[in-house]
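Starting from the given sequences, assemble the full structure and let the hints guide the process.
2 protein chains.
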Amino acid sequence: MNKKALAILMRARMRPNHLTNFALSPISNELNQILSNSHGNRSGENGEHHAMEHGKEKLNHQRFIIYESMHSVISMNKTEVGDSVLNEFLEGYCSLSFENRRKLLLTLAKEYDLNRAQVRELIKQYLGLQPPGSEAQSGGVADEGFLSTFYRIERNLRHSLKPVYETLFERLNTHPEGLKFLTSIRADILSILTEGNIASLRALDSYLKEKLTTWLSPAALELHQITWDDPASLLEKIVFYEAVHPISNLIDLKRRLGVGRRCFGYFHSAIPREPLIFIEVALLKNIAETIQEVLWDNPPIAESEATCALFYSISSTQPGLAGINLGKFLIKRVITLVKIDMPHISVFATLSPIPGFMQWLLSKLASQSKLAKAEDISRSPADRSGLTFYENILEPEEERALIDSSGDLASGKSGMEIMLNLLTPPTHEWTNSDKLLSALKPPLMRLCARYLLQEKKRGKALDSVANFHLQNGAMVQRINWMADQSEKGLNQSAGIMVNYVYRPENIEEYAQSYFSKGHIHSSYDVKRYIQVL
Amino acid sequence: MNKKALAILMRARMRPNHLTNFALSPISNELNQILSNSHGNRSGENGEHHAMEHGKEKLNHQRFIIYESMHSVISMNKTEVGDSVLNEFLEGYCSLSFENRRKLLLTLAKEYDLNRAQVRELIKQYLGLQPPGSEAQSGGVADEGFLSTFYRIERNLRHSLKPVYETLFERLNTHPEGLKFLTSIRADILSILTEGNIASLRALDSYLKEKLTTWLSPAALELHQITWDDPASLLEKIVFYEAVHPISNLIDLKRRLGVGRRCFGYFHSAIPREPLIFIEVALLKNIAETIQEVLWDNPPIAESEATCALFYSISSTQPGLAGINLGKFLIKRVITLVKIDMPHISVFATLSPIPGFMQWLLSKLASQSKLAKAEDISRSPADRSGLTFYENILEPEEERALIDSSGDLASGKSGMEIMLNLLTPPTHEWTNSDKLLSALKPPLMRLCARYLLQEKKRGKALDSVANFHLQNGAMVQRINWMADQSEKGLNQSAGIMVNYVYRPENIEEYAQSYFSKGHIHSSYDVKRYIQVL
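Line by line, the protein sequences give chains A and B.
If you're matching positions, the first sequence starts at 1 in full-length UniProt numbering and goes up one per residue.
If you're matching positions, the second sequence starts at 1 in full-length UniProt numbering and goes up one per residue.
No wet-lab data here; the hints were simulated from the structure.
These numbers come from a predicted model, not from an experiment.
Careful: at least some of the hints might be erroneous.
Repeated chains share a single entry, so a pair holds when one copy, or any two copies, can fit it.
[As the list claims (entries may be wrong)] The calculated lysine-lysine pairs, modelled on DSSO-like cross-linking and capped at a C-alpha distance of 27 Å, are:
{"id": "1", "residue 1": "K209", "residue 2": "K488"}
{"id": "2", "residue 1": "K211", "residue 2": "K328"}
{"id": "3", "residue 1": "K460", "residue 2": "K209"}
{"id": "4", "residue 1": "K254", "residue 2": "K339"}
{"id": "5", "residue 1": "K209", "residue 2": "K103"}
{"id": "6", "residue 1": "K162", "residue 2": "K328"}
{"id": "7", "residue 1": "K339", "residue 2": "K364"}
{"id": "8", "residue 1": "K517", "residue 2": "K456"}
{"id": "9", "residue 1": "K413", "residue 2": "K103"}
{"id": "10", "residue 1": "K413", "residue 2": "K373"}
{"id": "11", "residue 1": "K124", "residue 2": "K460"}
{"id": "12", "residue 1": "K373", "residue 2": "K517"}
{"id": "13", "residue 1": "K211", "residue 2": "K162"}
{"id": "14", "residue 1": "K209", "residue 2": "K110"}
{"id": "15", "residue 1": "K527", "residue 2": "K456"}
{"id": "16", "residue 1": "K124", "residue 2": "K110"}
{"id": "17", "residue 1": "K460", "residue 2": "K339"}
{"id": "18", "residue 1": "K110", "residue 2": "K162"}
{"id": "19", "residue 1": "K254", "residue 2": "K435"}
{"id": "20", "residue 1": "K209", "residue 2": "K527"}
Written out as structure tokens, the structure is:
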């Protein structure tokens, strides 16, 4: 595919088929339809469906082959497993519909997990032996013999507790396309699990995730800069997977790879020409306050004048790698690289979305308004503070300003109700009124600081992006009003964005104190909003 | 290091120090000496060694830090482990003497293996639960809850059976130099184990080997051609590690990377500029019969005239990866690459040493000669066949020819004794006598064919190189007289070499029948020697 074709693709804004090699192929849908039926209606098979018997037989046979190849991959001895049987399974799996993949994965999870009779037998043997060091041992040759037996049985027990499907994963991983295929299998599993929990499949997923985590160890990943000179087949993936600030056209893409910009990706040798995760960097004079400055500054400043590397977008490309933190080492390595390349750059910051802010705020406003109504409608706002779960999250002067400015745009008995009505999507009419903007800014900025610094789940920041950067060793530097006025930005965080700053000399210390004590480092400016100075 | 320096290095024929980054550093030897003593003499510490107290304290402190950093890497929570503590351990380990490394590794093997109290507690919990499917289950929501508990406990048990030192391995593997470091740790372990078996360390080794095998999955390895344009730092490694046919000078090296030659290496992204294994290929008109043709054909033929790719040397570079078969996929991938690049090449063969032939033959000759003497010295050779373990491995006409031709060079009552005396190193005088050469050729060629095709250990070819190629799917094509007249070639196999042939269309089939039935495919020419046609 050349760059002209890429341009056409971008105009068409279609999901290119060949991007997802392992996605469902439309030609096999009919086949799958029948396969699925033939399985579902097994009880009626001897009835009126004679006319379809032949076609079904052929299709059943085809599915039989897929299960058969899966079984072969698992049960053959390792020297016997050739590429042909792996290919057969790989291609067979890809030809299945989602429903048939689901059935196959459930078979794998339930019928290829453990040989529990063997586990129990080995446990019996194991419990019959005295563990080393349990009695005074002389350390002689006889003991070494006993110890060898003990370690052997312990090892056998450990191996017997590995699910049988590990063999499938291990063997697929030796296939040239195997790692990519395994991540797409995991993407399927995650989709299935969103429909409802299935314990056996959940167990399989957690096992597969462990394996993928080892295989994708940072040691096996290579950091490369992505430039306009890279193949269009790679660049179209950047366009396709950019998750934070969509790339709107070819000029936009070229801009993000050109002067004053950098793009780095983590690659694995088994998944060539496709970054697993990539990060976009802008070289600036100061830490940007709005995403507009970053995406549409034209012309960019000379690179030699830059003092700040701003990470403005991090996107992962493989849904099947969800929950595997690849970004941690990425940011550290990019910082190292940029420092070597451009010693005049001393500030490493992000301009990040706050994806969970509005969700948290709206649910807080809704529940508090409801509480207030239900428990005591007649009390004055000041009296309500006595109620057990009630909390007026607005300051008195914020409440007053909201009531004064809302006018016709939003009704409500309290400041919180008004705020809830104003902020509830889909419209964002408040952004068109200067009066509302100035009434909303103080409570929104204050509550955003509170959300980022104080709202936690199991000791970690509630916001997923905040948690990501904090565990990587960043600090909260600044929150920016009207920093992302896109539909998405307004929906997620009322347009507010945040700068996290990475100080190379503090990265380890901050990551550790965040981890061990849940401590969130932040600047004076952000702390000031919530007066925890 | 530039190529001039490389040339100087090769003239000096020294082992370059920096090739083995993790090897013992001479400057730390004195320190180690004292460390080692201070540990060994702990009981006498309060005695006459007062003068050394201060120095010892300092050194003990230094060693304390190394053990402490090992402990930290293992016991810290994963988000807390930073590069600094990994570096501390890595550098600390490298500064230790072999003896102190031994002590540290034994501590690791014995004190960081399993928490066996926890294992027993989890076994108790596990045995208290009914495994899924053991009773009729309705598949309802309640069952899913029970199953989740069951899988969780099973998973906990599995995790508890993983040695604690796995954490050290996993974390080192995230360090940029970690994988290389782990292979050198394994090399140390293997050296320690050659001195005597230690069950706990053997168990640690087998665990580390499993981990390395997963990390070095073919999916994580990249195949690259190595050329004269590569950095000298890489080329010196080729010179240093070439294990089959030593590279004698810079012209020899250049020749092996030039016209009519190829060199391919398997690289891992975590071990840059150092192939884990490499293979040397000659492009020829016919399958070479002697190594002289390959190493000293001058000038080589035009590449366009070649029809045969001859693999004449495979060397692995990491002693710490012993027992991990990297070569299998290497050969398959090189064949694929060469076929794409040069479609006129249709024959893929090796010219291989037979490293175990003479060892097998000499011990066979020695034991049979002894048996003959001990059991019945007076019987005629024909009568001896009745003895239980006795086997005259020579044919009557071979025996006669040997007795006739040996003259003053070797004494002996039987053909076998004469043969034993002639072939026993260190001299190879028989190679200077045409009479002896022609008397020895028939039995040596016949017995070599027998050794390759019939002598087995646990169903596999006794010869390690034969086993390697046969399990990769090759066949035995031809054995070649006086094919390697170097000292090493004469010692290993009386100068005989063998051609294995890879037929791309048969590779899988041959590998499978070798594996499952121990079947060794061979040509008519080789079978003829032992008349198994």
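Here is what the structure says about each hint:
1. K209 / K488: neither (30 Å within a copy, 49 Å between copies)
2. K211 / K328: both (19 Å within a copy, 23 Å between copies)
3. K460 / K209: Result: close within a single copy only, 22 Å intra versus 37 Å inter.
4. K254 / K339: within (24 Å within a copy, 38 Å between copies)
5. K209 / K103: Cα proximity of K209 and K103: one copy only (20 Å, versus 36 Å across).
6. K162 / K328: between (29 Å within a copy, 26 Å between copies)
7. K339 / K364: neither (43 Å within a copy, 66 Å between copies)
8. K517 / K456: Close inside one copy (12 Å), not across copies (62 Å); limit 27 Å.
9. K413 / K103: Neither: 53 Å inside a chain and 75 Å across chains, both beyond 27 Å.
10. K413 / K373: This pair counts as within: shortest intra-copy Cα distance 9 Å, inter-copy 115 Å.
11. K124 / K460: Neither way: K124 and K460 sit 42 Å apart in one copy and 34 Å across, limit 27 Å.
12. K373 / K517: For K373 and K517, the Cα distance exceeds 27 Å both inside one copy (38 Å) and across copies (81 Å).
13. K211 / K162: This pair counts as both: shortest intra-copy Cα distance 12 Å, inter-copy 14 Å.
14. K209 / K110: within (17 Å within a copy, 30 Å between copies)
15. K527 / K456: Within. Shortest intra-copy distance 16 Å satisfies the 27 Å Cα cut-off; inter-copy 76 Å does not.
16. K124 / K110: both (24 Å within a copy, 24 Å between copies)
17. K460 / K339: neither (30 Å within a copy, 55 Å between copies)
18. K110 / K162: both (14 Å within a copy, 24 Å between copies)
19. K254 / K435: For K254 and K435, the Cα distance exceeds 27 Å both inside one copy (39 Å) and across copies (79 Å).
20. K209 / K527: neither (38 Å within a copy, 51 Å between copies)
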